[in-house]
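A.B. asks: Hey, can you work out the whole structure from these sequences and the hints?
For the sequence shown, the working numbering assigns the number 302 to the initial residue and increments by one for each residue that follows.
Hints in this document: simulated from the structure, not taken from any laboratory. Worth double-checking, as some hints may not be accurate.
Taking lysine-lysine pairs in the PhoX-like style, the calculated list, with each CA pair at most 25 Å apart, reads [stated by the list, open to error]: (1) LYS448 <-> LYS378; (2) LYS378 <-> LYS339; (3) LYS347 <-> LYS448; (4) LYS424 <-> LYS332; (5) LYS434 <-> LYS352; (6) LYS352 <-> LYS332; (7) LYS352 <-> LYS424; (8) LYS378 <-> LYS434; (9) LYS424 <-> LYS391; (10) LYS440 <-> LYS391; (11) LYS339 <-> LYS440; (12) LYS424 <-> LYS440; (13) LYS434 <-> LYS383; (14) LYS332 <-> LYS347; (15) LYS434 <-> LYS448; (16) LYS339 <-> LYS448; (17) LYS339 <-> LYS424; (18) LYS332 <-> LYS383; (19) LYS383 <-> LYS440; (20) LYS434 <-> LYS339; (21) LYS391 <-> LYS378; (22) LYS352 <-> LYS391; (23) LYS352 <-> LYS339; (24) LYS448 <-> LYS352.
Computed from a predicted structure; not experimentally measured.
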Amino acid sequence: MKPFLPVLAVVCLAAIIAVPLTRPAVSASPKATAETLKQLEAEFMKAAAEKGSQGYMSYYADNAVEVPNGAPAISGKVEIAKTMGFLDDKNNRLTWTPVGADISSSGDLGYTYGTYEFQAIDKDGRAFIDYGKYTSIWKRQIDGSWKVVLDMGNASPATK
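C.D. replies: As structure tokens, then:
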């Protein structure tokens, strides 16, 4: 019986060492950070500038919610897209700058917030600029991409 104990101890020790080596690899995609979301904001704005409403909406999840300034919430990407045609007018320019961002500890939800500027020409041909602030909630999708699931903005006075 005594020789059995040392053999059992060696087998247990070998199993303890081997088990971590046989675990499946963790997802190859890197963990998102606040900087990841700020970079996404830059890509988002570029897509809107280059492709108008189509580029803008490509960053929205299908079940997204838009909370526009002074208007009721809009649910669903299809319904939100109906309100974004102004981005297709070459006289209009929407730019925004993220001021802050954070990611949940689970790594699948995050937010950005910042300021925006909307330059346009009114129906009388006069140029104007609207200023505001925004918050976007981002959610990691099943395919690993990040999409906006809730977006809200409100007007602000011009920055000084």
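A.B. asks: A separate judgement is required for each hint: does it hold in the structure or not?
C.D. replies: Structure-based check of all given hints:
Of the supplied pair hints, the one linking LYS448 and LYS378 holds, its CA atoms being roughly 11 Å apart against a limit of 25 Å. A threshold of 25 Å between alpha carbons decides the hint, and for LYS378 with LYS339 the separation of about 22 Å falls inside it, so the pair holds. Taken as a hint, the LYS347 and LYS448 pair is honoured in the structure, with Cα atoms around 15 Å apart against an allowance of 25 Å. A C-alpha spacing of about 47 Å is found between LYS424 and LYS332, which places the hinted pair above 25 Å, so the restraint is violated.
At most 25 Å may separate the alpha-carbon atoms for a hinted pair to count; LYS434 and LYS352 meet this at roughly 23 Å. As the CA atoms of LYS352 and LYS332 are separated by approximately 29 Å, the hinted pair breaks the 25 Å bound. Only pairs whose Cα atoms come within 25 Å are accepted, and LYS352 paired with LYS424 is accepted, the gap being roughly 23 Å. Taken as a hint, the LYS378 and LYS434 pair is honoured in the structure, with Cα atoms around 21 Å apart against an allowance of 25 Å.
Distance restraint check for LYS424 and LYS391: the Cα-Cα separation of roughly 14 Å lies within the 25 Å cut-off, and the hinted pair is therefore satisfied. Restraint check for LYS440 and LYS391: not satisfied, since their Cα atoms lie roughly 30 Å apart, outside the 25 Å limit. As the CA atoms of LYS339 and LYS440 are separated by approximately 14 Å, the hinted pair is consistent with the 25 Å bound. Of the pairs offered as hints, the one joining LYS424 and LYS440 is violated, with about 37 Å between alpha carbons and a cut-off of 25 Å exceeded.
Taken as a hint, the LYS434 and LYS383 pair is honoured in the structure, with Cα atoms around 22 Å apart against an allowance of 25 Å. About 24 Å separates the Cα atoms of LYS332 and LYS347, which keeps this hinted pair within 25 Å; it holds. For a cut-off of 25 Å, the pair hint linking LYS434 to LYS448 stands: about 19 Å separates their Cα positions. Between the alpha carbons of LYS339 and LYS448 the distance comes to roughly 13 Å, so the proposed pair stays at or under 25 Å and holds.
Between LYS339 and LYS424 the CA atoms are separated by roughly 34 Å; this puts the pair beyond 25 Å, and the hint is violated. Restraint check for LYS332 and LYS383: the C-alpha separation of about 34 Å exceeds 25 Å, so the hint is violated. Between LYS383 and LYS440 the alpha-carbon distance is near 22 Å, which keeps this suggested pair within the 25 Å criterion. A C-alpha spacing of about 15 Å is found between LYS434 and LYS339, which places the hinted pair at or below 25 Å, so the restraint holds.
For the given pair, LYS391 sits about 23 Å from LYS378 by alpha-carbon distance, which is consistent with the 25 Å threshold. Distance hint between LYS352 and LYS391 is fulfilled; the C-alpha atoms sit about 10 Å from each other, no more than 25 Å. With a CA separation close to 20 Å, the supplied pair LYS352 and LYS339 stays within the 25 Å bound. Restraint check for LYS448 and LYS352: the C-alpha separation of about 17 Å stays at or below 25 Å, so the hint holds.
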